[in-house]
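Take the given structure of chain A and dock chain B to it, following the hints.
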Amino acid sequence: MSAAPAYNEDKGGSAGPGEPEYGHDPASGGIFSSDYKRHDDLKAMLDTNKDSLKLEAMKRIVAMIARGKNASDLFPAVVKNVACKNIEVKKLVYVYLVRYAEEQQDLALLSISTFQRGLKDPNQLIRASALRVLSSIRVPIIVPIMMLAIKEAASDMSPYVRKTAAHAIPKLYSLDSDQKDQLIEVIEKLLADKTTLVAGSVVMAFEEVCPERIDLIHKNYRKLCNLLIDVEEWGQVVIISMLTRYARTQFLSPTQNESLLEENSEKAFYGSEEDEAKGPGSEEAASTALPTRKPYVMDPDHRLLLRNTKPLLQSRSAAVVMAVAQLYFHLAPKAEVGVIAKALVRLLRSHSEVQYVVLQNVATMSIKRRVSTGPRPALVVQQGMFEPYLKSFYIRSTDPTQIKILKLEVLTNLANETNIPTVLREFQTYIRSMDKDFVAATIQAIGRCATNIGRVRDTCLNGLVQLLSNRDELVVAESVVVIKKLLQMQPAQHGEIIKHLAKLTDNIQVPMARASILWLIGEYCEHVPRIAPDVLRKMAKSFTAEEDIVKLQVINLAAKLYLTNSKQTKLLTQYVLSLAKYDQNYDIRDRARFTRQLIVPSEQGGALSRHAKKLFLAPKPAPVLESSFKDRDHFQLGSLSHLLNAKATGYQELPDWPEEAPDPSVRNVEVPEWTKCSNREKRKEKEKPFYSDSEGESGPTESADSDPESESESESKSSSESGSGESSSESDNEDQEEDEEKGRSSESEQSEEEGKKKKMKKRKKVPEGQEGGSSSDEGSDSSSSSSESEMTSETEEEQVEPASWRKKTPPSSKSAPAAKEVSLLDLEDFTPPSVQPVSPPTVVSTSLAADLEGLTLTDSPLVPSLLSPVSGAGRQELLHRVAGEGLAVDYTFSRQPFSGDPHMVSVHIHFSNSSDTPIKGLHVGTPKLPPGISIQEFPEIESLAPGESTTVVMGINFCDSTQAANFQLCTQTRQFYVSIQPPVGELMAPVFLSENEFKKEQAKLTGMNEITEKLTLPDTCRSDHIVVQKVTATANLGRVPCGTSDEYRFAGRTLTSGSLVLLTLDARPTGAAQLTVNSEKMVIGTMLVKDVVQALTQ
Amino acid sequence: MSRGEARGRVPGWGGGHSGRRGRGRRRPCCHGDAGLSICRGFQTEKDSLHSLTVSTMIHSLFLINSSGDIFLEKHWKSVVSRSVCDYFFEAQERATEAENVPPVIPTPHHYLLSVYRHKIFFVAVIQTEVPPLFVIEFLHRVVDTFQDYFGVCSEPVIKDNVVVVYEVLEEMLDNGFPLATESNILKELIKPPTILRTVVNTITGSTNVGDQLPTGQLSVVPWRRTGVKYTNNEAYFDVIEEIDAIIDKSGSTITAEIQGVIDACVKLTGMPDLTLSFMNPRLLDDVSFHPCVRFKRWESERILSFIPPDGNFRLLSYHVSAQNLVAIPVYVKHNISFRDSSSLGRFEITVGPKQTMGKTIEGVTVTSQLPRGVLNMSLVPSQGAHTFDPVTKMLSWDVGKINPQKLPSLKGTMSLQAGASKPDENPTINLQFKIQQLAISGLKVNRLDMYGEKYKPFKGIKYMTKAGKFQVRT
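Chain order of the listed sequences is A and B. Its first residue numbered 73, the first sequence is counted upward by one per residue in the working numbering. Its first residue numbered 47, the second sequence is counted upward by one per residue in the working numbering.
Isolated chain A, as found in the complex (with noise of 0.2 angstroms):
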């Protein structure tokens, strides 16, 4: 509606009355006299300080761009309001921009400091749409900016922002080739990236960029496939695509062993014709290949690649079904391809263009292929897999003559000894249709059928013949080209349809059907020796008249009738090659002068005249009637040059197999197992809602029904190792707590013992009550109550080492000085090392730091550079008891990795009862979460009594940002909104460095990223110890060693981006101390200084 008025004034010049939009600004209404003026007016409304007039402008700027009409020279008026703060003019600009600015690149220039502003903006989208605009304008001079902007945003905390960066990889390469390893080293990051908005984007950056190197993709091969499932429709395609070139060259061929099988049965039945379409390559190499063949086994790979791109034929996008179609069958065992027929089908009721596409593909795969041979036996398809669909392929009169044409093509390649009955009654329904293109086409489909099936040639020839006597000429013609072509085969039978064709001469006018005629008299003319005189007697009469097609005919007729008729036809000859010699067509001349020379003895006597019988009459191989679609498979199916049947530019050769595979170790991914879970973990996180019961898929049942799959399964199975150890370091945690609580009740050293015992009760019973319990669909209850105990008994069941792990962790916790044992007795349960066996020490220590933390305080001695102290928040108050109708909710920040996901900062929340009825069903209800933030629901509490108390941990992902979550806590009778604003310290977790690191990661995160402030110190504040505390108190950073003693350094990383924060508090003994903070997040940087000063400084 808002772009109306800028037709209006295109149309008629002039503005009616009634539009609002006028209605403000009373001095436009004049100005539409002329384009020039317009301008200017447009000019004057991006002059203004009016959003509202600047945004009209935009408007109808756009929509002149819309219309290809040239706006370049406002350019100077719209880039100023590049920096805009309304957000629909912003857009409008960048619009403009990325249209103009490589026509005027030099003011394009002015533009470029607020993208790169944009790119450090704390908000993800505005980041990402400044990288989009940046990479679009294509202004060469900018290219280090756009090269560094992209290097950024590869390892931007935003998958989006990320996904953004590979979009704007093919863009640079496209302006600047030569940035070709730079973006590869960015795309070989990226392809490393778990987050399935990234991948399609990605890989589609690779094939544009780098398609060659194929070796980026081992390490990445058994994600992407794994990926897939998720990855939204257009990555999917890009994705397929790829990784069908990529196990082209990767994987031994599967048909490799059937299609030799073939070869040596086919070769006995065909003979020497066989051996001579194949080159004498090809068949050495198979017979040397022969002898050596080793059985042939599928690598797991190969299969993993196929099982999980088959679901994907059940896609509603078109182009990812066409794209598993293809993959199947370029490379799928010759039995699995079947598959794809049903899919393909139904992609027939779609679009008429898609099912032109599809057609296009299917007539290729239904293609006979008798001749097995040649270097590709891959393309040796399933003859019957589109058998069952043959009615699929009926012709409606509705359908559009292209559509109709292919159906028919696929049709005759259906066509078959068993079938060919019903496929020619449907033919003949064809013939009688008004579209003449399309009964033509069904004329040559007989015919088709008649060469390749034995059987019915007669009947289709008398079918054919009776079509001569149509009415309308462009059958008869076809009949006439088709029938030529089929008594060729057994010319001896047919002197009669000869005859009559010659009698068609007279009427038919089509030169090519007039033509074939022509041959078939002259080149059977001992079959009618009387009518072919004639014949040419008529054709000489009418010779100038006809078309050179026709004329070249009537030569070639007269020269054989007078090489075996010479006395009747004598002269007739000499008169039509007289004709000839003065033609207008060349070849015509060349043709009479040429044909004069052979059959007329002249006075050298030439050794040619001899034979002219031999060359004139030497007996012809029948034609062979073939698909147009016969040689299409030399391109990958479903691609551009598949459909045009030509190289399109661009397209990437499918590689032929591998004689020898090239060594699949390759793909063995080397990352420590323990990232390898916590990426499991954050995508199970993520995805579990809504995946879980794929996810439980991938593990079990893969494995089972996968055969020599070592290498999947161990995969597999690390996965269901690390989701039920994950688990049951969740529940464990869950013991935690609760003997924490018990600990707290009683602080004495009975809680231990107590706490023990209770574990062991628990123990004990799990199994007992769960062994249906781990068999049951994890999907199910995956809503809410992933009931803890279950898991656990999983992890008794599969894994032995956590057992011995727990007995060996024991003594660890002794060794520590109890003052409370309970959390000492906690960091058994609390640290999965089970899982990650290769975990770093950071990672052991940071939990181990965060749980001696309770202990640490007060005898600090003990390491304190590792230690971080209790929370510098406390326990703040969440709900208090009188709204909360008696339930109070605390919650302290512990400090502690949340198991779940790394990324999380894990939230104790303490509950307490203080009414007389016990509060039932206990569990958080839905959050309403800013965009970035999620968090992990702690189970439900199913019963709390009045007076007792208890506590859960849940996670929040704050995104690094200290935006609150919020969320409902729900009982079964009440629902309370609560929300969780954390400081920004706890944004972060502690890492060790040395000294020397520190200093070379500070030196990095100089300039914006620093930040630092003056303070002086109070007196109370002075010593070693309390500034250490007061720091690690507001923020969980760890502490650094530092060789002055005046020097305080602590670094942390932030949880969700894992960028570095560094603080540095260097205080003189006066008293005035200077504080520094580098970090890459700038907000949280500023916002930490002000946190640590305050607590410095009261």
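What the hints contain is simulated information worked out from the structure, not anything from laboratory work. Only a predicted model underlies this, so the values are computations on that prediction, with no experimental measurement involved. Backbone N, C-alpha and C define an ideal beta-carbon position, used for all residues, glycine too.
Partial pick of chain A residues on the chain B-facing surface, computed with a CB cut under 7 angstroms:
id	residue
1	131
2	140
3	389
4	418
5	423
6	424
7	426
8	711
9	721
10	723
Positioned in the frame of chain A, the structure of chain B alone reads:
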């Protein structure tokens, strides 16, 4: 061997296509593809060295109406001159009917891929190898999006909303590669225009662009918005089956299959997790799902489990194969004859119910394309109204309901061109009909359950059988 041949056939930059280019000079525009020369401008030498693929999936999009005007163009990379469309016009001219324009047209430097919908050609310009279905599917998605946004997708509507159209296209493709194609996300980015909003926008000067940046891209469920709220929570499902059939002259079925879809309109608060089960899922021979459906669950239990998108969407389409016997609910008796001698032909059709499971057949329409030789028809229907267009030779008869007691019929004569010989072919009869409350395949939904949310939704299911491509040969 033959591969080498294929390579030989490759059209170079212009070479091998000279014939076509020559013919293409119908319109006196520059044929050098200005756009291309721009984009090659600053990399001329490198080009020859690297054989660089200046590639992107979709370069440009042109919207062309049936009279051959380009009324919208959008470029995602360097501008491709609109003269490239001349090749398209040429093909359009050659094809007698719009639907016969080939979907893929090669030109010397570009390939034109087009779809034809709502009397508009959507022509995408691409430069390098790309799966054609990828582009075609995308173009259809564009049309669907427009339809979703504006209710209808027609030339005037697109012209009226050109700015929104432009913004939507901008979001849908980045550098020619699809970016945001889920309508839920798009609608968060760019709000569809409504009359109310247009009025408000004009007064307040506010915009269609969402102030709130969307969360969809980042949510775990890309097809569903977060924070959906309704006062009435409802979930309606329509099981619609279409019968595609070809009926023989004698009334026997040549081929018949059932194509079904389940369209849903789900307006539920929060993140509901639905499961839908069938009484007889074995009937479904081949299915394709909305991405929200959990495939593994279907594989193992034959249950549809999904978190629905918000609003209208197609949950599932399925196919009941030709192998199963398909009940044909109607029959057509026809007697259409031309006589060689006379200039009059007889035309008589009767429609009657066959296997309808006791339901009434409604909305019956009969259409038929008569041979060119027919000049006019004088017919009398026993019910409903009929029209015959002497120009297109299209007969259409709006029958309405079939009353089994009194079968509707259409009888009369055709007047043929005097002296012309009788047409070869009898016309085929296309049939449209509807049967409410019946899924002809016998498919039945067992139950619908909701998890993840606490409220009780209204649930509804409706069955309908329609004629798809239902043709009777005479």
